[in-house]
Amino acid sequence: MLGPFEYVRALSLEEACRLLREEGESARAFAGGTDLLVEIRNGIRSPSLLVDIKPIGALSTLEADGADEGLRIGPAVTLNRIAEHAALRQKLPALSDAALSIATYQLRNRATLGGNLCNASPASDSIPPLLVVDAIMEIQGVDGAREVPLDCFCTGVKKTCLESGEIVSGIRVPAIAAGTRTAFLKQQRIKGHDLAVVNLAGALTPDGLLKISVGSCTPTPLLLEPIETAGHSEDAVSEEAVRLAAESISPISDVRASAEYRRAIVPALVRRLVHDLVKGGA
Amino acid sequence: MHTVTFQINGERRTETVAPTMTLLELIRDQLHLTGTKEGCGIGECGACTVLLDGAPVTACLVLAAEVDGAEIRTIEGELKNGQLSDLQQAFIDAGAVQCGFCTPGMIMSARGLLNRNPHPTDAEIIEAIAGNLCRCTGYQAVVDAIRNASRPLTREARGLRDAESAAESGGESHD
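Chain order of the listed sequences is D and X. Using my numbering, you'd call the opening residue of the first sequence number 7 and step up by one each time. Using my numbering, you'd call the opening residue of the second sequence number 389 and step up by one each time.
Honestly, I wouldn't trust all of these hints.
Stated by the list, open to error - If the Cβ cut is set under 8 Å, some of the chain D residues that face chain X in the computed set are: (1) Arg47; (2) Gly76; (3) Leu113; (4) Arg116; (5) Cys167; (6) His281.
Unchecked claim - Ranges between beta-carbon positions, derived for each pair: (7) X:Thr393 x D:Glu69: 31 to 39 Å; (8) X:Lys468 x D:Glu90: 24 to 32 Å; (9) D:Asp200 x X:Gly442: 44 to 52 Å; (10) X:Gly488 x D:Glu20: 33 to 41 Å; (11) X:Glu459 x D:Asp200: 25 to 33 Å.
Because the hints were derived from the structure by calculation, they are not lab data. As the structure is a prediction and not an experimental result, all values here were calculated from the model. C-beta atoms are modelled at their ideal positions from N, C-alpha and C, and glycine is treated no differently.
I would like the entire structure built from these sequences, with the hints used as guidance.
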C-alpha cells in the first residue's frame with residue numbers, strides 16, 4: 007500500500023513551483039516514479055503531495071541536433087529516449103551507454119534523467135557522464151530561475167541544492183568540441199541489470215584534456231582534477247589518473263561490495279577507461 | 389479522488405481512482421483483469437508488465453491517476469475472437485510456461501518488442517525480457533518462443549526448430 011498522499015498534475019512550470027512551495031518540504035516533484043514510489047512503499051519517504059511534472063511539455067524536449075552546439079535535455083525525458091537518441095549518442099555516447107545500463111527496459115520507459123539526477127544517489131549512472139562535459143542544471147523556482155553546475159548540484163547522499171518550490175527545468179551541456187571522445191564503464195555484480203559497484207565516465211578533448219568522474223566511491227559522484235595528456239604516454243596518463251582517483255575516493259562497504267574491493271578495482275577501471283579513450287573506440 | 393478515462397485492450401473506460409492507487413491495483417482490483425500479476429511491487433520482477441501507450445512498463449510503479457487519456461494493453465488483450473495470439477501459442481509450443489506467474493509479463497514485454505522491432509535478434513530479445521524474472525523454466529525456452537513468434541512457422545514445421553526454420557523468417561507480426 008502506498009500513501010497517503012495527494013496527486014496533482016502540473017500544467018506549467020509556474021504551477022508546479024507554486025504547488026511545491028505551498029505544500030513545503032513534504033511535497034515532491036514526480037516524474038517516472040521509479041525511485042520515489044519505491045521509497046514511499048518502503049517507508050523511506052512519506053510525501054504529502056506528488057506534483058506530476060510530465061504534463062509540462064517543455065520538460066520533455068531533447069535538443070541534440072545542432073552540429074556545433076551542445077545538448078539540452080528536459081528533466082522528464084525518459085532514459086530509453088536518451089539511450090536510443092542517435093544524435094545524442096553521436097555527441098555524448100557515455101551518456102547513452104550510462105542510460106542504457108540503468109535498470110530494465112520497462113523501468114527506463116518511465117525513469118527520467120531529471121529523476122536520476124535529483125535522486126542524487128552516489129551510484130547514479132547518469133551523473134558521471136554529465137560531470138565530465140560540464141553539465142549545467144537549469145533550476146526554476148517561484149521567485150525566478152538560476153543555474154548550478156552539476157558538480158555543485160548534489161550536496162550529499164540523496165541530497166541536492168534544490169530549495170522548496172524549485173524544480174530542475176533543464177539539463178544543459180555546453181558545446182562539445184568535435185573529436186571529443188567520451189566513455190562510460192560500470193562494474194556490477196551480475197551481467198543483467200544492477201546498480202553500480204563502481205561506475206565512471208571520461209571525456210578526452212582533441213587538444214588532450216582528460217576529465218574523469220568516478221561514481222559510487224564518495225557521497226556524491228566525484229570529478230577528478232583535469233589531466234593534460236598532450237606529450238604523455240598512455241601509461242603515464244593512466245598512472246596520474248589512478249593516483250588522483252585513489253587519493254580522492256572514500257568508498258564504504260555496502261550490500262553491493264566492500265570498501266576494500268571498491269578501492270582495489272578503481273585503478274583497474276580507470277586504466278581501462280583511459281585506454282578506451284586514448285585508443286579511440288568510444 | 390481522480391476521474392480518469394482511458395482505453396484498455398481497446399475498450400474505453402472511465403474510473404474513479406484514489407491518488408495512491410497504482411495502475412496494477414486499478415487493473416486487478418477494480419477492473420478485475422487478473423492476468424497481470426503482482427510479484428515484487430517495486431519494479432524488479434516484471435510480472436506486472438503492461439503496455440502503456442505502447443511502451444512496456446511495470447504497472448506497480450505507475451499511479452492510476454496518471455493514465456487519463458492513455459492506452460493500456462494487458463495480457464487479456466492478446467486473445468482475439470477466442471484465438472490465442474502468436475506469442476501465446478509460441479509460449480505453449482516452446483514449453484516456455486511452467487508455473488505461469490511470469491508469463492503475462494513476459495508476453496507483454498515481448499509484445500512491446502515485436503511492435504517496435506518485428507524481427508529481433510536473440511540479443512535484442514534477451515535485453516527486452518531482462519526485466520522479467522522467471523524462477524521455473526529458465527529463459528532459453530522463453531527466448532525460443534519469442535523468436536518463433538517473430539518468424540512464424542507452418543504448423544507442420546513447428547517443433548522442427550533447426551536450420552530450415554531460419555529460412556522461413558519474415559512473415560507477419562501480430563496486430
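Original post:
Of the hints stated earlier, which fail here?
Top reply: 2, 5, 6, 9 and 10
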